[in-house]
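J.: Sequence:
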Amino acid sequence: MFAPKIQKLIKDQLAADDHLPAYAWPGGYPIFYMDAETNVLCPKCAWKDKDDEYRIITDYEINWEDPDLFCEECNEVIESAYADDNYAHDNRTEWNDMHMADDD
Numbered sequence: 023m024f025a026p027k028i029q030k031l032i033k034d035q036l037a038a039d040d041h042l043p044a045y046a047w048p049g050g051y052p053i054f055y056m057d058a059e060t061n062v063l064c065p066k067c068a069w070k071d072k073d074d075e076y077r078i079i080t081d082y083e084i085n086w087e088d089p090d091l092f093c094e095e096c097n098e099v100i101e102s103a104y105a106d107d108n109y110a111h112d113n114r115t116e117w118n119d120m121h122m123a124d125d126d
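Take 23 as the starting number for the sequence shown in the numbering used here and just add one per residue.
Don't read these hints as lab results, they were simulated from the structure.
Glycine included, C-beta positions come from ideal geometry on N, C-alpha and C.
Errors might be hidden in some of the hints.
Unchecked claim - Label pairs and their in silico Cβ distance ranges: (1) Ile-78 x Asp-106: 26 to 36 Å; (2) Tyr-76 x Tyr-104: 11 to 21 Å; (3) Glu-75 x Pro-48: 32 to 42 Å; (4) Gly-50 x Asp-90: 32 to 42 Å; (5) Lys-27 x Asp-73: 33 to 43 Å; (6) Tyr-76 x Asp-106: 33 to 43 Å; (7) Asp-106 x Glu-75: 31 to 41 Å; (8) Asp-88 x Lys-27: 12 to 22 Å; (9) Asp-73 x Asp-106: 31 to 41 Å; (10) Trp-47 x Ala-105: 12 to 22 Å.
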């Protein structure tokens, strides 16, 4: 389900019926989406969840400078408009490693 703000974006960006806009126009800045629980989603995952009655896509934003913004569903990096292009994601700790309880 899409909130009215997302429906307006789709109409304004003249997006095809098979995807959400990944870049804002004008400017070509990378867009990410958020659901009602403020989970960050890439355009592909947000579109994939459009018919999920439990996940309502409520908002979108441009990733201006965060090189560590990842999709909550597929864990792919969401491109930023102005972050350092040389930033390496290879050394990041996996989400599960950061959020697992320490049983020691």
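J.: Hint by hint, say whether it matches the structure.
T.: Hints versus structure:
no.: 1; hint: Ile-78 x Asp-106: 26 to 36 Å; result: holds, 34 Å
no.: 2; hint: Tyr-76 x Tyr-104: 11 to 21 Å; result: violated, 34 Å
no.: 3; hint: Glu-75 x Pro-48: 32 to 42 Å; result: holds, 34 Å
no.: 4; hint: Gly-50 x Asp-90: 32 to 42 Å; result: violated, 21 Å
no.: 5; hint: Lys-27 x Asp-73: 33 to 43 Å; result: violated, 18 Å
no.: 6; hint: Tyr-76 x Asp-106: 33 to 43 Å; result: holds, 37 Å
no.: 7; hint: Asp-106 x Glu-75: 31 to 41 Å; result: holds, 40 Å
no.: 8; hint: Asp-88 x Lys-27: 12 to 22 Å; result: holds, 21 Å
no.: 9; hint: Asp-73 x Asp-106: 31 to 41 Å; result: holds, 37 Å
no.: 10; hint: Trp-47 x Ala-105: 12 to 22 Å; result: holds, 21 Å
Violation of the numbered hints given earlier is confined to hints 2, 4, 5; the remaining hints are satisfied by the structure.
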